[in-house]
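Sequences listed follow chains A and B, in order. The first sequence lines up with residues 3 to 352 when you count with this note's numbering. The second sequence lines up with residues 3 to 352 when you count with this note's numbering.
To be clear, the hints were calculated from the coordinates, so they are not data collected in a lab. Warning: the hint list may mix true and false statements.
Since the list can't tell identical chains apart, any single copy or any two copies may satisfy a pair.
To be verified - Straight-line Cα separation of at most 35 Å, DSBU-like style, residue types lysine-lysine; simulated pairs: (1) K335 to K302; (2) K335 to K148; (3) K114 to K335; (4) K269 to K114; (5) K302 to K148; (6) K302 to K114; (7) K148 to K114; (8) K269 to K302.
Letter by letter, the chains look like this.
Number of protein chains: 2
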Amino acid sequence: MKADTTHIMRDEIREQPQAIRDTLAAEGERIAQFAARLRAEQIRHVLLVARGTSDNAATYARYLFGVVNGVLVTSVAASLFTVYDAELDLGDTLVLGISQSGTATDVIDVLKRARAMGTLTAAVTNTEDSPIYEAAELALLTRAYKEHSIPATKSYTTALAVLHRLAAQWAQDSEMAAALNSVPALMEQVFELEPQIEDHSERYRFLDTCVLLGRGFNLCTAHEIGLKLGECAQVVPAAHSAADFMHGPIASIQAEVPCLLIAPEGKALGSMLELAMALDERNAEMLTISNEPSLLEIAKVAFELPTGMPEHISPLVAVVVGQLLAYHVAIHKGLDPDRPAGLQKVTRTM
Amino acid sequence: MKADTTHIMRDEIREQPQAIRDTLAAEGERIAQFAARLRAEQIRHVLLVARGTSDNAATYARYLFGVVNGVLVTSVAASLFTVYDAELDLGDTLVLGISQSGTATDVIDVLKRARAMGTLTAAVTNTEDSPIYEAAELALLTRAYKEHSIPATKSYTTALAVLHRLAAQWAQDSEMAAALNSVPALMEQVFELEPQIEDHSERYRFLDTCVLLGRGFNLCTAHEIGLKLGECAQVVPAAHSAADFMHGPIASIQAEVPCLLIAPEGKALGSMLELAMALDERNAEMLTISNEPSLLEIAKVAFELPTGMPEHISPLVAVVVGQLLAYHVAIHKGLDPDRPAGLQKVTRTM
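If we strip away everything but chain A, and leave its shape as in the complex, we get:
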């Protein structure tokens, strides 16, 4: 496979700005109505259920609803219900399922059980009239349209956009809501980094494992970039919160294991700087996705993000660097990123 062959995944990465514009234009009003209902019903807890890429969107929502809406957010293991038949007390709770295909069997099962108990249920999905529509009381639809490549890209960032808008409307924070409108243009700025990402990717032709590090709002970005590297490029990903990483896993870091830090400006930046110092002392191969000069300077390979983004929208922008990185490492490895060995677009687990 030649490096100049084009793949659906790359096209879909580049469709993200328009998909986000379409999602906000088409679904904005329904999101606002649902946010009003969350206020009216005085929802105090959100229970998230999701798998794979959608579970990384759920990780974003944990910080978002916690910080912006002050509600307790639980990312529940579906197995609590589907394997162990736990009977949870779900008063004042929204159960929110996320599934791009709308067919994740365990997510649907949890939604159905919760709804049968009289709990408020909703879904975020990219597939109109999919089975999740019957399971949840309300479905919010992302407008990523059909995603053909197996690694999810535009269905992930549009799900993040829906969650962001929902949190902002729920908190009636119009400044926050407006910030999301700048994401498409910021993503387009990231596309300009592609030649540089392609060049640097060759260095990782023989990479077999990679540590991904983020904190707070961008913990999801670390997990999602790791997942893309695993799916497209046969790199075993080890994603950690920067804080947890300092409590043990850092001991396993040698110069041969690259560490990718996702560290845009914001409240989590202090921890990320501290971590970068510790990794530098260990002579780690450090890659950074950042807009903080000292983090760009300390890295072996640095990808510079646009400046001036609020931290809460940065996960939608930073992940694009990682999507392109996973794509180009796959190409250098001679792999087909659109059809990773042994994966299907829809995975069913009970």
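Following the hints, position chain B against chain A.
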């Protein structure tokens, strides 16, 4: 370093049965009183806060309190409070901190904030009169006594024992409570596997990454064995829930990356069997810790657990295999498991 040199870590692994007996004898009554209070106060949610090994104990508690007590359990990122100053609604909630040293700064900070809001707070710790005693209203003390080796072993399994007893007493389930008393003898049976673990460890002399897989009650075991391999043996661990793993990361598995499955009898076994089949198709190097004959047979390297354990106590027994594995891989690599490069016993994060 010769393989016959003895280390504190190995002694501490072998002290676990007595530490659990001591913990239950000394703390049983206080646990029962606290469980009565949880019932009296009609606690409906548990918010767990912990780091490192203690965070793996928290993962155990997520399943335990969910399945046994029917409460919603959230493993909260301390950064929600310490970095983002989120103001969460914590009515009907127990905030439970876990810290063997009793000095984890972010755990203490979250406990103090919750207590100042009038929320019920408690701690599980191995260090009497440590700062966590002042932060939480009540501290439950494990009797692992001083742990000298940096990788935590006995402070982990005694914390699991306290959490198990608390869940059983809270549910007033005397059969469940009694099951825990069999753990010390079951651990002693696992010690008999040590010559076999030592032999097999040589195979992993040049191992640099390892995938750890569990589900449900033993998801914590996958994470904890991964952490030990990282701390002692410079192996980059990638731990996943078996269900999440099928949604993407499995694509990165080649024959060169060993996959360790923790799969004792119980409700999660079906998923683990399914996963083993998928890994076998990919010619993965599979290791299993199990008491299910078909999982012992399919593996390249199999460690046989005692049979007849209820699933809810199996994490205390299965982890011992992994502690010994991490220890012996470290010895084969010529590393000192007691003092991993660049780690301290107590890590402070804000």
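Now the hints, each set against the structure:
Taking the closest pair of Cα atoms, K335 and K302 come within 35 Å of each other both inside a single copy (21 Å) and across two copies (28 Å). Taking the shortest alpha-carbon separations for K335 and K148, only the intra-copy value of 27 Å comes in at or below 35 Å, while the best inter-copy value is 49 Å. For a Cα distance limit of 35 Å, the shortest separation of K114 from K335 qualifies neither inside one copy, at 43 Å, nor across copies, at 51 Å. With identical chains, the CA atoms of K269 and K114 are at most 35 Å apart between copies only, with a shortest distance of 21 Å across copies and 38 Å within one.
Within a single copy, K302 and K148 get their C-alpha atoms no closer than 37 Å, and across copies no closer than 41 Å, so neither meets the 35 Å cut-off. In the homo-oligomer, the alpha carbons of K302 and K114 never lie at most 35 Å apart, since the shortest distance is 49 Å inside one protomer and 40 Å across protomers. In the homo-oligomer, the alpha carbons of K148 and K114 lie at most 35 Å apart inside one protomer (25 Å), although the nearest pairing across protomers, at 49 Å, exceeds that limit. Only within a single protomer do K269 and K302 lie at most 35 Å apart by alpha-carbon distance; the minimum there is 24 Å, versus 46 Å between protomers.
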